[in-house]
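> All chains, full assembly: derive it from the sequences and hints.
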Amino acid sequence: MIRLLEIFSEATAPRDVALKLRAAAARPGLESFLSIVEEGIRVTEDGSLELQNWSRSQIEAVLSVAEAIVSASMSILVEQAGPLLVAIVVKCLELCLCYLEKFSFDGDDFSLQNDCLQIMEMALTYGSAMDHHAIKKDSLSTFLELLPSINVQNGNDDLQKRFTINLKGMNYLKGYSVDGVLKVLSSDSLEPSFQGRLFSDLPIAHPLNKIMSIVQHWAVVSLNCFPRLLKLCQELLQFPTPFGDGMDVGIFSLRVTFTGRVLKLLGHIMREVPRDCCDAKLLCSIAGCAEAISVLFKLEVDYLNFDSMPNGNPGNLVLLVLEEFLKFVHIGFLNSAVTQNIQVFIVASVLHIWDSQTWRYDALTSSAKAPLVYWPQLVLFILKLLNDVKIWMLSGKKFAITNYCLESNISDGPSCCIGLGRSFC
Numbered sequence: 000m001i002r003l004l005e006i007f008s009e010a011t012a013p014r015d016v017a018l019k020l021r022a023a024a025a026r027p028g029l030e031s032f033l034s035i036v037e038e039g040i041r042v043t044e045d046g047s048l049e050l051q052n053w054s055r056s057q058i059e060a061v062l063s064v065a066e067a068i069v070s071a072s073m074s075i076l077v078e079q080a081g082p083l084l085v086a087i088v089v090k091c092l093e094l095c096l097c098y099l100e101k102f103s104f105d106g107d108d109f110s111l112q113n114d115c116l117q118i119m120e121m122a123l124t125y126g127s128a129m130d131h132h133a134i135k136k137d138s139l140s141t142f143l144e145l146l147p148s149i150n151v152q153n154g155n156d157d158l159q160k161r162f163t164i165n166l167k168g169m170n171y172l173k174g175y176s177v178d179g180v181l182k183v184l185s186s187d188s189l190e191p192s193f194q195g196r197l198f199s200d201l202p203i204a205h206p207l208n209k210i211m212s213i214v215q216h217w218a219v220v221s222l223n224c225f226p227r228l229l230k231l232c233q234e235l236l237q238f239p240t241p242f243g244d245g246m247d248v249g250i251f252s253l254r255v256t257f258t259g260r261v262l263k264l265l266g267h268i269m270r271e272v273p274r275d276c277c278d279a280k281l282l283c284s285i286a287g288c289a290e291a292i293s294v295l296f297k298l299e300v301d302y303l304n305f306d307s308m309p310n311g312n313p314g315n316l317v318l319l320v321l322e323e324f325l326k327f328v329h330i331g332f333l334n335s336a337v338t339q340n341i342q343v344f345i346v347a348s349v350l351h352i353w354d355s356q357t358w359r360y361d362a363l364t365s366s367a368k369a370p371l372v373y374w375p376q377l378v379l380f381i382l383k384l385l386n387d388v389k390i391w392m393l394s395g396k397k398f399a400i401t402n403y404c405l406e407s408n409i410s411d412g413p414s415c416c417i418g419l420g421r422s423f424c
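0 is the number of the first residue of the sequence shown in numbering that gives the first Met the number 0; add one for each residue after it.
Just so you know, these hints were derived from the structure itself, not from any lab. Source: prediction; values computed, not measured. Treat the hints loosely; a few may be bogus.
Said to hold, decoys possible - If you anchor each label on the Cβ, the simulated ranges turn out as follows:
hint	residue 1	residue 2	range
1	PHE102	LEU18	31 to 39 angstroms
2	SER56	ARG26	21 to 29 angstroms
3	GLN237	ARG2	42 to 50 angstroms
4	ASN223	ASP247	30 to 38 angstroms
Note that CB positions come from ideal geometry on N, CA and C, so glycine has one too.
Written as structure tokens, this is what we have:
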């Protein structure tokens, strides 16, 4: 670990750090750090992760060193980096994902969660790499000193036994069933507009020999990041108490803002690594997230103090989440029945709240509270979605998702299907 500290202290730019991390002198420290990260995601006898037994200072130390290494590694060619640096990056990504899943978001301190998401953004998003000097050198020295205090099991195993990766690329079709691929490409499953854009809307290819390309596919195929992060978003948007019953508005803003960042990250990954549109887990996760977002529309807020709420206007935050979610769905499914079905569900949920039997303004009461969906910018956005639905109806399209019915053992998954098996025009 001493050599790692010297590297971060001596280097003056990320390129210098990357060069020194590839040197033989840095290998012992990197192998030790990889062992620590792998220890954190090791499942214990009680089913928990070893990470959950670490102290806050130890977690902060690991995340800070991980951030410095990941930041310096993303521009390196895979052949130059070798399996060790690639292993560290993907295992750090897995550690961050596990932390977000296992640790609570109930408090008002999201510092470690933000660190995890920042590392994931650096590893998975082009142009987001940070200068490692953003971390103070004296703090990094303290963090490196904390790392040896973490007990590691099987720390002397050979690297190749613990981690294997094909440096020439990954199997992009892993996890894709042949039937699923044929279904996507068949004329019966896709509408003409979808078929015409299927290949024209593919993202511009980035250099596939950079570590980031390997990490992106690893996140999608091996870590199954789409359904896992969508489930996280669903949990973040579920609040135990509404505004009027003592819910902390600041915590609400933090959770919704964090959700928006996660959805934006997912949209970027989906653009770079398109997923099988017949993936049952992905579809169920999207349905669950759509349902969680629709519940936010019912939250009653005090419109007299709307703009003075801490951490931003709740209406702006919810609108951002809705926009990022619909953008993610559109990137993944274009204008297919899945995208239309989700959009119709959102519109139907709002129309139900707008029904006078659901909520009506009472001039006799002193309360200025009303459902969040009455916020003007949200109203304008929903009206735009409603106009899209009307255009689909005028074009003779039918809202049925029968082409996407899946045979799956997920029997208790959420569903936001509008008119499954029947048409709406």
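> Now, for every hint given, state plainly whether the structure supports it.
Now for the hints, and whether the structure bears them out:
1. PHE102 x LEU18: 31 to 39 angstroms: holds, 35 angstroms
2. SER56 x ARG26: 21 to 29 angstroms: At roughly 26 angstroms between Cβ atoms, ARG26 and SER56 fall inside 21 to 29 angstroms, so the hint holds.
3. GLN237 x ARG2: 42 to 50 angstroms: Holds: the Cβ-Cβ distance is about 46 angstroms, inside 42 to 50 angstroms.
4. ASN223 x ASP247: 30 to 38 angstroms: holds, 32 angstroms
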